[in-house]
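K.L.:
Protein chains in written order, with this note's numbering: chain A, 1 to 116; chain B, 1001 to 1113.
In short, the hints are calculated from the structure, not lab data. It is possible that part of the hints are untrue.
As the list claims (entries may be wrong) - Here are the simulated DSBU-like pairs of lysine-lysine, each with C-alpha atoms no more than 35 Å apart in a straight line: (1) A/K70 with A/K3; (2) B/K1071 with A/K3; (3) B/K1003 with A/K70.
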Amino acid sequence: AQKITQTQPGMFVQEKEAVTLDCTYDTSDPSYGLFWYKQPSSGEMIFLIYQGSYDQQNATEGRYSLNFQKARKSANLVISASQLGDSAMYFCAMREVQYNTDKLIFGTGTRLQVFP
Amino acid sequence: DVKVTQSSRYLVKRTGEKVFLECVQDMDHENMFWYRQDPGLGLRLIYFSYDVKMKEKGDIPEGYSVSREKKERFSLILESASTNQTSMYLCASSGWDRDYEQYFGPGTRLTVT
Chain A
1 AQKITQTQPG MFVQEKEAVT LDCTYDTSDP SYGLFWYKQP SSGEMIFLIY QGSYDQQNAT
61 EGRYSLNFQK ARKSANLVIS ASQLGDSAMY FCAMREVQYN TDKLIFGTGT RLQVFP
Chain B
1001 DVKVTQSSRY LVKRTGEKVF LECVQDMDHE NMFWYRQDPG LGLRLIYFSY DVKMKEKGDI
1061 PEGYSVSREK KERFSLILES ASTNQTSMYL CASSGWDRDY EQYFGPGTRL TVT
């Protein structure tokens, strides 16, 4: 069965520093997609970044980059130059293809706190 | 601007009541999803739908049903609410674009007393 594991319940980082949030996954499907979402205290889920299993290069979106190591089945999120507004829950998710639609399987999340 | 809306941000219901949670998307997306979110458990899929009048069970469908009569609207129904259904409920939609990214609504925090 497909599974997403986030082993860090909470992380602290100082403003302007970089931080890595860990995510490992398990799947036997050769075609899959990996997502990171941010959830601030207000509750909405905000899409951050996507990596396809056949993508040759690591995905980047502004200050966010995804460190994709296929052989290790890891998809860590790197946030560079942390800002106070980055304090939130972060969820890693994997796309599972079924019935011509796409389900997402989520990890349990990591709470990131950025301090001045 | 893409938008997924949910009928209520906060809802308080009594045990045994029938509860309707409504979700509407304006992106003409084919796929819609209902999740519940609990601390330490992440998001768990309750039901999803890939077309009008089509529905599929997710990982935790027990105690819930859904309805999709129109493409833009996906309703979650708690037939007889119980205290263990107190949770945050999130609706999402996705289409065949943007790598199947799911767009989420703001969530409904349901308390069953």
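K.L.:
Hints first: check each against the structure and report whether it holds.
P.N.:
Verification of the hints:
At most 35 Å may separate the alpha-carbon atoms for a hinted pair to count; A/K70 and A/K3 meet this at roughly 15 Å. A threshold of 35 Å between alpha carbons decides the hint, and for B/K1071 with A/K3 the separation of about 30 Å falls inside it, so the pair holds. Taken as a hint, the B/K1003 and A/K70 pair is honoured in the structure, with Cα atoms around 33 Å apart against an allowance of 35 Å.
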